[in-house]
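The listed protein sequences correspond, in order, to chains A and B.
Under this note's numbering, the first residue of the first sequence is numbered 126, with each subsequent residue one higher.
Under this note's numbering, the first residue of the second sequence is numbered 126, with each subsequent residue one higher.
Don't take each hint at face value.
Each pair may be met inside one copy or between any two copies, as identical chains are not told apart.
The calculated lysine-lysine pairs, modelled on BS3-like cross-linking and capped at a C-alpha distance of 27 Å, are [unchecked claim]: (1) Lys-219 <-> Lys-710; (2) Lys-435 <-> Lys-529; (3) Lys-371 <-> Lys-705; (4) Lys-667 <-> Lys-710.
Just so you know, the hints here were simulated from the structure itself, not pulled from any lab data.
Computed from a predicted model, the values in this text were never measured in an experiment.
Number of protein chains: 2
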Amino acid sequence: MSTPNGYKVIGTRPVRHDGVDKVTGRAIYGADVQMAGLLHGRILRSPIPHGRIRNIDASKALALPGVEAVVTATDFPDAGDRIADLGEGAVNLKHLSSNCLARGKVHYKGQAVAAVAAVSPHIAEEALKLIRVDYEPLPHVTDVRAAMKDDAPLLHDDLVTDSLGKPTGKHSNVSKHFQFKLGDVDKGFAQAAVVIEREFHTATVHQGYVEPHNATAMWNADGSVTIWCSTQGAFTVRAQVAELLKMPLSRIKVVPMEIGGGFGGKIRVYLEPVAAALSRKSGRPVKVTMNRAEVFEGTGPTPGSYIKVKMGADRQGKLVAAQAYLAYEAGAFPGSPVGPGAMCIFACYDIPNVLIDGYDVVVNKPATSAYRAPGATNAAFASETIVDEICEQLKIDPLDFRIKNGAREGTRRADGPVFPRVGMIETTEAAKNHPHYQSPLKGPNRGRGVASGFWFNCGLKSSATASVNADGTVSLVEGSTDIGGSRTSIAMQLAEALGIRAEDVRPVVGDTDAVGYCDVTGGSRVTFATGWAAYEAAQDIKRQMIARAAFLWKVQPEDVVYEDGTLRCAKDASKKMTFKELADKLHATGGTIVGRASVDPPGVGGGFATHVVDVEVDPDTGKVTVLRYTAVQDVGKAIHPSYVEGQMQGGTVQGIGWALNEEYVYNDRGEMTNASFLDYRMPTSLDLPMIDTVLVEVANPGHPFGVRGVGEVPIVPPPAALANAIYRAIGVRMQELPMSPGRVVKALSSKA
Amino acid sequence: MSTPNGYKVIGTRPVRHDGVDKVTGRAIYGADVQMAGLLHGRILRSPIPHGRIRNIDASKALALPGVEAVVTATDFPDAGDRIADLGEGAVNLKHLSSNCLARGKVHYKGQAVAAVAAVSPHIAEEALKLIRVDYEPLPHVTDVRAAMKDDAPLLHDDLVTDSLGKPTGKHSNVSKHFQFKLGDVDKGFAQAAVVIEREFHTATVHQGYVEPHNATAMWNADGSVTIWCSTQGAFTVRAQVAELLKMPLSRIKVVPMEIGGGFGGKIRVYLEPVAAALSRKSGRPVKVTMNRAEVFEGTGPTPGSYIKVKMGADRQGKLVAAQAYLAYEAGAFPGSPVGPGAMCIFACYDIPNVLIDGYDVVVNKPATSAYRAPGATNAAFASETIVDEICEQLKIDPLDFRIKNGAREGTRRADGPVFPRVGMIETTEAAKNHPHYQSPLKGPNRGRGVASGFWFNCGLKSSATASVNADGTVSLVEGSTDIGGSRTSIAMQLAEALGIRAEDVRPVVGDTDAVGYCDVTGGSRVTFATGWAAYEAAQDIKRQMIARAAFLWKVQPEDVVYEDGTLRCAKDASKKMTFKELADKLHATGGTIVGRASVDPPGVGGGFATHVVDVEVDPDTGKVTVLRYTAVQDVGKAIHPSYVEGQMQGGTVQGIGWALNEEYVYNDRGEMTNASFLDYRMPTSLDLPMIDTVLVEVANPGHPFGVRGVGEVPIVPPPAALANAIYRAIGVRMQELPMSPGRVVKALSSKA
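If we strip away everything but chain A, and leave its shape as in the complex, we get (with noise of 0.2 Å):
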């Protein structure tokens, strides 16, 4: 049996090799870590959004009976004014420092301050309360525009830019200002016959992994330390403490546990120097974990944003030019994904004339992080929801619009890059054909709605190694944390190079003493470059596989073939042999074979999605209820399908809660004020349809399968493919995030 393309692992949806482990409970993941003479760690946030730390003493809390350290920001050396790409992009290691313990000054509420390690957790607990720290409160701000006045409170003494993001060595909160310029928009919406120019507002919103973050660190008395923690990047966290704690290397072992979630939001260290930390002074192993309050207020959420956009297309339905303003709130440090929400923001289409500005501005919140296509879900909300009413206003489907404007081979985005073959065109028509594009939407207070998202398929590096087992199956030491499949995505590209079952391949998530250098899970690389240092262990395997063929028949290795997992002489048809039967010779004709890869692939695909939804809209409660959803998505080609499908599905709900009820909520004092699941409301099962998902498969001329990047870009429609939809249900074009049964309600009743 072999899928399209003559595939015969690739394409198939073998059980995940973790599968049964984890729905049974035996999956260890970091929370479960366990050993002799544990410590319990517990950290201390400040109470206030903004201030300086006059004095911290932790003297009472060091008399509490059981207490065995206490740690703050004196226990880390100076990290320096230094900016450096430690796996995660360009950070500062000062501020990185200083949201793991703040040093000289707290810059949201929740901020950790001090950090307790005690022989049970609440022992710990109680000596939080021991600690006295000594604050001066200063004014606050949460709000994007109103930290960029001139007059706001400002968080930082380094940042001299002006209100506008120039270097005027005048102080700010903006702590970035870039451009990206293509043709000339002035005379691009001189040729227009629509101009749409909008303001779109969009909420902090959390990853919501269902795991909070947690990390065990045991620092060993030859100064080398093991942690263990849920993290996307093993590789990042040693190389993050390694600054933070100003030690080599090749000192620290990162070992990734399983994880409950991430998106994004387990790139960057919390909790691990700080149980380093704790741990060296204690000289005990120490656990750390946070609740879910901490989570919430001590862990990096996605930004909130202001957008302005227009767009103009001429009386054929051509767009001709598109402006954006962004700002985006950095939270406490520099470091928003304004960047790539830019880069984002029209590039699934073909527009001559473009001026997109970016601003990174520092609110008193928590310091903002990495969320499943970061920045490009603001920017798609807006954008597409311009378009929808370009379409609106010129009369023409939105998916011909699409059809029409649509990026494609050659296409060049307004940031640079050109594009390679892509698949907006075609996955913009299987929208067209889809039964529920097709079909007709019948009811009061109904309305369907599109939109389209691109997002980047990153390569980074990765490495993998693979022994053969006497019995023909094959042990795969990978380094990317498993979050969503991948070590049978990864699998299933060495089973298939090798021509042998899934199954037949042993997949390991090793530690950082356990293989090669890998970057994290994230940018939607995993399955991408993983998998392609597995596709490169097995062309290693299979090199040497063919030279022990060839020295057990005493041919020459060039006549050796190796084809479907079979080996055979070109020159002699009795002599054949299968992988498994050749894997039993190896131990009697000099041993197993290990193969090994490490690569940095360019050939990196990017994917595009476009979803179709349905809701219906109470009028008088401002519910928006999902009736039907179908996401469908540029895949490349789809390693193993359900897993493509599960990050499709579940891309479009985190989506779905962006759009109609995640936020963090601050009152005036700058503290959240639902920092709990039970009053941050995200979508559970009950709030939605089935998202039913189409698979189209432009293959990636990249990468040796094809592979694109899949499990971000199907967050990037929903706000707007819903907004655009609650405007045909109800006529109200909803600018602000989340659409909230309160916002509905309010735009519902300024609209009479």
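Based on these hints, arrange chain B on the given structure of chain A.
Relative to chain A, chain B alone:
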């Protein structure tokens, strides 16, 4: 700085990588394994040395609150009467299975019969008392010569040889008889001027590792199992458990924990399949550990033996003929090391006429297993005391005699092989020239003895992978349990090959999923073969580093020279980079580099030892005090001299234990009466002088760095050397081990 031979790392003495962790108690041993829901297993053992099991009734045990599972042999599939080599040499699976949980019969007191898993070790212990086993006792035999008699109680129905080992269809306790023959001994003895023939007895002796056996198993719902244990060979555990539980290799993951000594005794499985069966049955992870009595009575010691040797030399002191009869106690199941004993007994000498008969005999004692140079110490005790007697009669210095008769390149052993370059002569000469041997020994009841010994160097299979870190360090994953510093001796070979420091290698021992197949830590093979794998992995890295440098310099790889940890372009002196500099550039130029190797090396190099010992005997008590001890050994190239010295000292001390104190004492009910460290007397540091070591480096031409096996041969000479010293001290020739105070007094009184 470089050592002799121009090495920079090899021959130096870096601190072992795991040293601080071990001395500070941080290293995690098998018994330290902890996990949620862990059950504790205990083993019920046979109270009689021989009997049929009529019935096992565990109902009362199962009814005890807290008991979660009971297993007996019926929980294992029928292993079949099949012989397989699963990494510890040929083993009959039926016997291996019955040695883990007795099926149908018990063959020794202490044999495992049933096992309980309960929520605490105390409840498990209580539950053992509630299991009713109905035995039909059978007569037993615990002495090799008694077991060979025609009327001896028979242990097995399927041993069908006569008492001479001839396959006759008659049942006996002799499982094997073999013969090695060289020349014609009758003709040889006819040329002899001196012929000495003596009989010898040696006791059953245990390896005496500090750490008792342990195994923790977690059986998962998908039919896979993870086993954590202290073992000399994770892959052998995997293979044996796979056979005993009839499951595929790739369903089993064995994680080798730190090990507190093995000496050959932690190769075979005891608890691992039992823990797995208990976990399967209870659905929870189960840890089973032994206490000291269980280690003595339930695991494999080295055999007691009866040996008769006859040797003859001509007037010029040239050995002309040698004959040996070796009967070794296999314990309950066939498989004593009489084979290697017979191969080694005359291996130190060039003797033209040799006849050796070996007998493997089952007795009602624990099944013997490997113990450091298995079989050779028994054998050398016999042959080396006879050589001493010949020297005495011929009035030749015993070291001169060895120099004259010693094996050298081209000497054929009686079992066939011809020695390549070996160091017997150099070692003996070094002993002769040593200040110890040159110094006079004065005083009453004092004597000096010498003896030599030979042991092999197994090659076998090893794998390694190594990844270059950005900071210029290398993470090395190898599969050899580190008992005596082998992480370091392996890492040093990688470091030498790459031209980096030993400290810049971070070696870890991988589990069976994490590294390619690796045979056991045993046979003095690890530094030789796994070191070779590390050397080859370094070559793989070097090739890739050269390619990368060529890429960076835009030159051809063949123009790049890698020397002393530095890469340079042969055609352009300005192009030069250290390993560390290039390592730092890897990320930006295609990703890291991973090296791999899997070897099954030929070129093994056996080793010779010659020991000199001074003793003083108290004629009243029979107590032998070791005054001075010098161990001289051909160590090939000593990678880490301290660890070679440690092996020599440790082996010597164990040999002294055999010589003077250690033995299993049996009563007439077939019970060991001294199964504790209080009653089973091993030498402590208070009993011993400093053991001086002399490393004679006759490089093994078969290894890239000249490594020979060094770990086992130091245990071979001590009993003979001490016997010879005792003779010089008090004039009696001891022919039974141990030469404990009682036996010495008895020998003195029978002389008088």
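Legend entry - Hints not upheld, ascending by number: none
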